[in-house]
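Protein chains: 2
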Amino acid sequence: MLMSQQFASTRKDVSEEEVSVNAQLLTKAGYVEKVMAGVYAFLPLGLRVLRNIEEVVREEMDAAGGQELLMPALHPKEYWEATGRWGGLDVLFKVPSQHGGREYALGPSHEEIVVPLAQKFIHSYRDLPQYVYQIQSKFRDEPRAKSGILRGREFMMKDLYSFHVDEDDMHAYYDVMKIAYSNVFTRCGLNAIETEASGGTFSEFSHEYQVVTESGEDIIFTCECGYAVNREIAKVQSGDECPLCKKGVINEHKAIEVGNIFSLHRKYSDPFKLRYTDESGVQQPVYMGCYGIGISRLMGAVVEVHHDDKGIVWPEGLAPYQVHVVQLGDDEDVVKSTQTLIKKLDKVGVSYMYDDRKLSAGAMFADADLIGAPHRVVVSDRSLKNGGVEHTVRSSGDSKVIDIAQLVKEL
Amino acid sequence: MLMSQQFASTRKDVSEEEVSVNAQLLTKAGYVEKVMAGVYAFLPLGLRVLRNIEEVVREEMDAAGGQELLMPALHPKEYWEATGRWGGLDVLFKVPSQHGGREYALGPSHEEIVVPLAQKFIHSYRDLPQYVYQIQSKFRDEPRAKSGILRGREFMMKDLYSFHVDEDDMHAYYDVMKIAYSNVFTRCGLNAIETEASGGTFSEFSHEYQVVTESGEDIIFTCECGYAVNREIAKVQSGDECPLCKKGVINEHKAIEVGNIFSLHRKYSDPFKLRYTDESGVQQPVYMGCYGIGISRLMGAVVEVHHDDKGIVWPEGLAPYQVHVVQLGDDEDVVKSTQTLIKKLDKVGVSYMYDDRKLSAGAMFADADLIGAPHRVVVSDRSLKNGGVEHTVRSSGDSKVIDIAQLVKEL
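Protein chains in written order, with my numbering: chain A, 70 to 480; chain B, 70 to 480.
Hints may be right or wrong, so weigh each one.
Claimed, not checked - FRET-style restraints, in silico, Cβ to Cβ: (1) Lys342/B x Gly169/A: 37 to 43 Å; (2) Gly134/B x Gly169/A: 42 to 48 Å; (3) Gln188/B x Lys454/A: 17 to 23 Å.
Simulated from the structure, these hints should not be mistaken for lab results.
We treat Cβ as the ideally placed atom computed from N, Cα and C, and that holds for glycine.
Can you build the whole structure from these sequences, using the hints too?
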């Protein structure tokens, strides 16, 4: 991509309203643009990052046996009434139709859709277990939405639902998902702490994945021994805000929840009478689990963790492109060497942005740092005199002049 | 994928309500499942087809200079008021918030979002032209929705918006899009007729892409000379329902609109005052075009056109997988040859479904025909005795016994 032709450029005039670091940086760098509070457009660069995160999640869900499908956002009211959540969930958007007085729910979650769907296909023990997931936009009527893409009224989620013959199988898959989740967050450059959390009345088993950062809206306690717990349930368990672990020194942190896993037991299968016939011909209830990852929130969390005073520092796997090529000046040698470089990058399939805007070196370097691709490569008279191009690693700041062929080999 | 482990199977008990051929076949074959009228879930097979169509569209839009982004479904009311469409569009879903009396629109189209967005980035003639598109769910409060995935209350769309310095540039890009659209539909196995259509008051230039089929809701007239026109405007132009072309024999057809292209002129840029500074420093209005393809509707149209009495007959590029492998019986040779076949398919990267369900040959063949992959390959005692596996082409019915290595080479 030529930077001069990009639809969205870096911006200096970002609204003061954007108080969160993720929204400030992502807006300035041209990744997202606020449409209204809690609702963002993902610009071409932002969509590339979102797709990279989706791909990491998709690979790990597929590896755990997940089958991807796509459920709608518009839900029948009667399914939400069946589970008691039509009146019971204050963040549920209710959409009236102008025809015939109908009302729909706008899905903040898909238990109410996936269970009736599973009912069409799950009849016998032979049809179990099943694991289905989707990556899709969710909606929540949030009273406040001031954390950029960390808490949206519309946001991208991966939600996986599992169906089991019994509790044991449900618990076994819960452990499979723990590993998958750990893989996802590690690949996204996040240290997400598996934290005990409230599972509601139905569940002794619920964990959140929490990323420690100052902008977090949750409070978690971690113990030296490895145990971590959300303050919400530490309160419930101990009667005050002191956590329960006695095995080591307790620390308190602000954190962002980037994922959660629940054993649903029969909470949603019972209202819809989702049952199967076992080996001896007897009807049995289906046990379920659900497992969420906030894809767009994860993008925001990565920015909260991976930035410095100059801009974003993307982990390699998530960056919109790997190399930011800056051409300084118009000298024949510079132009020729830049063309050689990008042809070689094309050939080996390394993605790049090519800054052809002919601005001052300072302005182009500032944009490269702000946007945060892992590698900056500057082609200039000086670099060519010194034997090649100047390669700077965004995360460490390490810089060296290197021959083009050698650089492409290293990338 | 092992067919025995699929979440969704073929179904015989499809509701009589599903009157359309596309919904009947796609539901029976396990591609989609109706959640309510006009709202469908895309099952794993269906999502694969949807993704294949998306990829064709994405490639052609990228080739025409399009930059992909992702806008939200939830829109601020004030933008729709600015264009006069808040009160003027009867299919607009209006979503009340439970907090603070706010109301949102649920996007049936994105002019109201893309123009304020473009305003952040388009300032000078140097910033033009721009072409941005998205592939995203749209919502329409349809009074009736009885055509399966041809007319949905929630549906997948590609919408591209172009921004130009003047009318000439707008018209020139209109012709670029005509070629891109022709490529898309040809690659999807559709003969889509470029049909003159109503562009509303603002536009002499509007075309629909119409696929002739009995289930179409539109009526078009085509002339031998190549001219085609929607009945709606033939009426307006001629005062009755006779079309205007005098160059040849006129035919009347039912047809499905799978895409449309509009010259928007200043219809949406004016209300938002989207302007740019020209070379001489003067403020000028931006001209726009918009170009839609109904991704999920296109999938339905392909089924309406490409099926026979046994099921769907997918064009190669859209099929959820290329080969449907049927293993007949459990003899050691059959098992071994099937394993050899699927390993070879894996190696060359040809996608396949493996029917390992051990049902009767008739039941498995019926499902293969219903699902409609381009190639069926049967491994049986008999085929092995005859020198290989039995390869049947779904579209022609041509069948032959062929050596496995040779078959894989041909695929």
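Here's how the hints hold up against the structure:
no., hint, verdict
1, Lys342/B x Gly169/A: 37 to 43 Å, "39 Å, holds"
2, Gly134/B x Gly169/A: 42 to 48 Å, "44 Å, holds"
3, Gln188/B x Lys454/A: 17 to 23 Å, "44 Å, violated"
In terms of the numbered hints stated before, the structure departs from hint 3 and from no other.
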